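Here are the chains, one letter per residue:
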Amino acid sequence: GDSVTQMEGPVTLSEEAFLTINCTYTATGYPSLFWYVQYPGEGLQLLLKATKADDKGSNKGFEATYRKETTSFHLEKGSVQVSDSAVYFCALRSGGGADGLTFGKGTHLIIQP
Amino acid sequence: DTAVSQTPKYLVTQMGNDKSIKCEQNLGHDTMYWYKQDSKKFLKIMFSYNNKELIINETVPNRFSPKSPDKAHLNLHINSLELGDSAVYFCASSQGPFTISGNTIYFGEGSWLTVV
Numbered sequence: 001g002d003s004v005t006q007m008e009g010p011v012t013l014s015e016e017a018f019l020t021i022n023c024t025y026t027a028t029g030y031p032s033l034f035w036y037v038q039y040p041g042e043g044l045q046l047l048l049k050a051t052k053a054d055d056k057g058s059n060k061g062f063e064a065t066y067r068k069e070t071t072s073f074h075l076e077k078g079s080v081q082v083s084d085s086a087v088y089f090c091a092l093r094s095g096g097g098a099d100g101l102t103f104g105k106g107t108h109l110i111i112q113p
Numbered sequence: 001d002t003a004v005s006q007t008p009k010y011l012v013t014q015m016g017n018d019k020s021i022k023c024e025q026n027l028g029h030d031t032m033y034w035y036k037q038d039s040k041k042f043l044k045i046m047f048s049y050n051n052k053e054l055i056i057n058e059t060v061p062n063r064f065s066p067k068s069p070d071k072a073h074l075n076l077h078i079n080s081l082e083l084g085d086s087a088v089y090f091c092a093s094s095q096g097p098f099t100i101s102g103n104t105i106y107f108g109e110g111s112w113l114t115v116v
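Top to bottom, those sequences are chains A and B. The numbering of the first sequence is our numbering, which starts it at 1 and goes up by one. The numbering of the second sequence is our numbering, which starts it at 1 and goes up by one.
Treat the hints as calculated values from the structure; they're not laboratory data. The model shown is predicted, which means the values in this text are computed figures rather than measured ones. Glycine included, each C-beta is placed from N, C-alpha and C at the ideal position. Among these hints, one or two may not hold up.
[Said to hold, decoys possible] Derived lysine-lysine pairs resembling DSSO-like cross-links, with alpha carbons at most 27 Å apart:
1. B:Lys44 <-> A:Lys68
2. B:Lys67 <-> B:Lys9
3. A:Lys52 <-> A:Lys105
4. B:Lys44 <-> B:Lys71
5. B:Lys67 <-> B:Lys52
6. B:Lys52 <-> B:Lys40
7. A:Lys56 <-> A:Lys77
8. B:Lys9 <-> B:Lys36
9. A:Lys105 <-> A:Lys60
10. B:Lys9 <-> B:Lys44
11. A:Lys105 <-> A:Lys56
12. A:Lys60 <-> B:Lys52
13. A:Lys105 <-> B:Lys41
14. A:Lys68 <-> A:Lys105
15. B:Lys44 <-> A:Lys52
16. B:Lys22 <-> A:Lys77
17. A:Lys52 <-> A:Lys68
18. B:Lys52 <-> B:Lys36
19. B:Lys40 <-> B:Lys71
20. A:Lys105 <-> B:Lys40
21. B:Lys22 <-> B:Lys52
22. B:Lys44 <-> B:Lys19
23. B:Lys67 <-> B:Lys41
24. B:Lys9 <-> B:Lys71
25. B:Lys22 <-> B:Lys41
26. B:Lys40 <-> B:Lys9
27. A:Lys77 <-> A:Lys60
28. B:Lys19 <-> B:Lys40
29. A:Lys77 <-> B:Lys40
30. B:Lys44 <-> A:Lys105
31. B:Lys36 <-> A:Lys105
32. A:Lys105 <-> B:Lys9
33. B:Lys44 <-> A:Lys56
[What the hints assert, rightly or not] Facing chain B, from chain A, some residues (calculated, C-beta under 7 Å):
34. Leu13
35. Ser32
36. Tyr39
37. Gly43
38. Leu44
39. Leu46
40. Thr51
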């Protein structure tokens with residue numbers, strides 16, 4: 001079945017540091033890939049997505065590239081802010097008879113001033 | 001204008017009670033979902049409905065019963081609540097089911113259920 005593996009953290013960085021959160025997946029067919037973010041006490045918000053190989057999703061300074069050859073969708077940001085502190089979820093949606101999202105376990109990111 | 005709204009946001013109740021969580025989406029989507037987030041933040045799908053018809057029913061106790069009166073609403077009813085049901089429950093919606101995997105799934109703000 002489908003699965004998503006991501007570093008669980010917590011990941012603690014200083015403000016303005018470079019961020020990478022690794023995400024790899026296993027899926028049948030050609031899934032679409034997503035990053036969602038959950039700020040403290042809030043719901044899930046879509047951060048970015050990519051629907052086919054080599055697509056790059058980007059939003060709010062975050063980027064992730066759909067790498068089919070390495071089955072990865074790593075999240076990056078060049079300079080993080082305290083306000084980026086949240087839990088980040090990598091997810092896939094494979095379609096083709098199955099629905100909904102398969103999530104990774106989430107990565108708790110803490111940015112210190 | 002909240003796209004996916006669910007009520008209540010917080011619910012504290014005693015074991016053995018029956019409770020419902022309501023969800024409404026104003027996006028005109030065909031498909032709605034319920035997800036459960038456990039204490040370790042792990043998210044797992046419980047149910048999905050497409051045009052009021054059940055599509056996915058993951059392995060959840062039959063104490064959990066979704067009801068979709070129309071395609072804009074998907075309510076979750078839970079009978080005989082147990083301590084282990086304490087979690088955050090997220091409603092979500094999407095345009096179309098599994099034919100287009102790239103369609104985004106939009107989530108509500110969550111309902112924090114605590115069973116004491």
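Hint check:
| no. | hint | result |
| --- | --- | --- |
| 1 | B:Lys44 <-> A:Lys68 | holds, 24 Å |
| 2 | B:Lys67 <-> B:Lys9 | holds, 19 Å |
| 3 | A:Lys52 <-> A:Lys105 | holds, 23 Å |
| 4 | B:Lys44 <-> B:Lys71 | holds, 22 Å |
| 5 | B:Lys67 <-> B:Lys52 | holds, 8 Å |
| 6 | B:Lys52 <-> B:Lys40 | violated, 31 Å |
| 7 | A:Lys56 <-> A:Lys77 | holds, 13 Å |
| 8 | B:Lys9 <-> B:Lys36 | holds, 14 Å |
| 9 | A:Lys105 <-> A:Lys60 | holds, 22 Å |
| 10 | B:Lys9 <-> B:Lys44 | holds, 19 Å |
| 11 | A:Lys105 <-> A:Lys56 | holds, 22 Å |
| 12 | A:Lys60 <-> B:Lys52 | violated, 35 Å |
| 13 | A:Lys105 <-> B:Lys41 | holds, 7 Å |
| 14 | A:Lys68 <-> A:Lys105 | holds, 21 Å |
| 15 | B:Lys44 <-> A:Lys52 | holds, 24 Å |
| 16 | B:Lys22 <-> A:Lys77 | violated, 37 Å |
| 17 | A:Lys52 <-> A:Lys68 | holds, 8 Å |
| 18 | B:Lys52 <-> B:Lys36 | holds, 20 Å |
| 19 | B:Lys40 <-> B:Lys71 | violated, 31 Å |
| 20 | A:Lys105 <-> B:Lys40 | holds, 8 Å |
| 21 | B:Lys22 <-> B:Lys52 | holds, 15 Å |
| 22 | B:Lys44 <-> B:Lys19 | holds, 20 Å |
| 23 | B:Lys67 <-> B:Lys41 | holds, 25 Å |
| 24 | B:Lys9 <-> B:Lys71 | holds, 22 Å |
| 25 | B:Lys22 <-> B:Lys41 | holds, 22 Å |
| 26 | B:Lys40 <-> B:Lys9 | holds, 19 Å |
| 27 | A:Lys77 <-> A:Lys60 | holds, 9 Å |
| 28 | B:Lys19 <-> B:Lys40 | holds, 23 Å |
| 29 | A:Lys77 <-> B:Lys40 | holds, 25 Å |
| 30 | B:Lys44 <-> A:Lys105 | holds, 10 Å |
| 31 | B:Lys36 <-> A:Lys105 | holds, 13 Å |
| 32 | A:Lys105 <-> B:Lys9 | holds, 23 Å |
| 33 | B:Lys44 <-> A:Lys56 | holds, 26 Å |
| 34 | Leu13 | violated, 19 Å |
| 35 | Ser32 | holds, 4 Å |
| 36 | Tyr39 | violated, 11 Å |
| 37 | Gly43 | holds, 4 Å |
| 38 | Leu44 | holds, 4 Å |
| 39 | Leu46 | holds, 6 Å |
| 40 | Thr51 | holds, 4 Å |
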